[in-house]
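Asker: Just so you know, the protein sequences line up as chains A and B, in that order. Quick note on my numbering: the first sequence kicks off at 1 and runs consecutively. Quick note on my numbering: the second sequence kicks off at 1 and runs consecutively.
Take the hints with a grain of salt, since some may be wrong.
Beta-carbon label-pair distances, calculated as ranges [as the list claims (entries may be wrong)]: (1) A/N58 / B/Q96: 20 to 26 Å; (2) B/N28 / A/I80: 15 to 21 Å; (3) A/E54 / B/L79: 40 to 46 Å; (4) A/N75 / B/D26: 32 to 38 Å; (5) B/Q17 / A/G59: 42 to 48 Å; (6) A/Q3 / B/T112: 26 to 32 Å; (7) B/D38 / A/G59: 27 to 33 Å; (8) A/I80 / B/N62: 38 to 44 Å; (9) A/K51 / B/Q96: 16 to 22 Å; (10) B/T7 / A/I13: 34 to 40 Å; (11) B/T7 / A/N113: 32 to 38 Å; (12) A/N58 / B/A82: 36 to 42 Å.
I should point out that these hints are in silico values taken from the structure, not numbers from a laboratory. All C-beta atoms, glycine included, are put in the ideal place defined by N, C-alpha and C.
Each chain, written out:
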Amino acid sequence: GQQLNQSPQSMFIQEGEDVSMNCTSSSIFNTWLWYKQDPGEGPVLLIALYKAGELTSNGRLTAQFGITRKDSFLNISASIPSDVGIYFCAGQLPSGGSNYKLTFGKGTLLTVNP
Amino acid sequence: NAGVTQTPKFQVLKTGQSMTLQCAQDMNHEYMSWYRQDPGMGLRLIHYSVGAGITDQGEVPNGYNVSRSTTEDFPLRLLSAAPSQTSVYFCASSLQGFFPDTQYFGPGTRLTVL
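Chain A with its partners taken away, still in its complex shape:
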């Protein structure tokens, strides 16, 4: 199946630092999503991107849909301890059928030291 390459796999940062993670693919995607998963919980949608070049913010989070439609990044500014968790990117291929047949990256585990 399609693969999304998400990096880095893990990050250890100090509270207050900025964080950046990204996803790349050899395929074009129509939609990019970024999720956060807390321990023992299901993923929660953070940001959805629908157009190439789109830059969207949600509080301290900013994400961009790459111009080539093959990549996306997520930035977290001024990290706080509750930012700890696993962050997933997900993309929707431009194929027929349900729009929610998503391809997920393997996740970035973020640890924030207070």
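Given the structure of chain A, go ahead and fit chain B onto it with the hints provided.
Answerer: Relative to chain A, chain B alone:
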């Protein structure tokens, strides 16, 4: 409004046993889906449903059956459990399954097959 609920939270099976993972939502969502999450992997789509009476296969459907007799419920059946099915299973739902609907995830069922 409970959102998406899943039972049980934890389950241990022996190889060859069968069981049903329950998923229910009270948001009148048409679209429901099942994912599995393995260590170091993103979520992979098992089966999905766009409405009562309609189901289809996702990326990894082998060994699993689903049915959708009501809008609220979408059970996942393991016919003959295998160790390779040890995973965390997430159910998700969205209003119609098309963007910009948000997909809501349940808390997950952690399954171990011995």
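Asker: Each hint: holds or not?
Answerer: So, going through the hints one by one against the coordinates:
1. A/N58 / B/Q96: 20 to 26 Å: holds, 23 Å
2. B/N28 / A/I80: 15 to 21 Å: About 35 Å separates the Cβ atoms of B/N28 and A/I80, which means 15 to 21 Å is violated.
3. A/E54 / B/L79: 40 to 46 Å: This hint holds: roughly 43 Å between Cβ atoms.
4. A/N75 / B/D26: 32 to 38 Å: holds, 35 Å
5. B/Q17 / A/G59: 42 to 48 Å: holds, 45 Å
6. A/Q3 / B/T112: 26 to 32 Å: About 27 Å separates the Cβ atoms of A/Q3 and B/T112, which means 26 to 32 Å holds.
7. B/D38 / A/G59: 27 to 33 Å: Hint holds: Cβ distance 31 Å, inside 27 to 33 Å.
8. A/I80 / B/N62: 38 to 44 Å: About 42 Å separates the Cβ atoms of A/I80 and B/N62, which means 38 to 44 Å holds.
9. A/K51 / B/Q96: 16 to 22 Å: At 21 Å between Cβs, range holds.
10. B/T7 / A/I13: 34 to 40 Å: With a Cβ separation near 37 Å, B/T7 and A/I13 satisfy 34 to 40 Å, so the hint holds.
11. B/T7 / A/N113: 32 to 38 Å: holds, 36 Å
12. A/N58 / B/A82: 36 to 42 Å: holds, 40 Å
Taken one by one, the earlier hints fail for this structure only at number 2.
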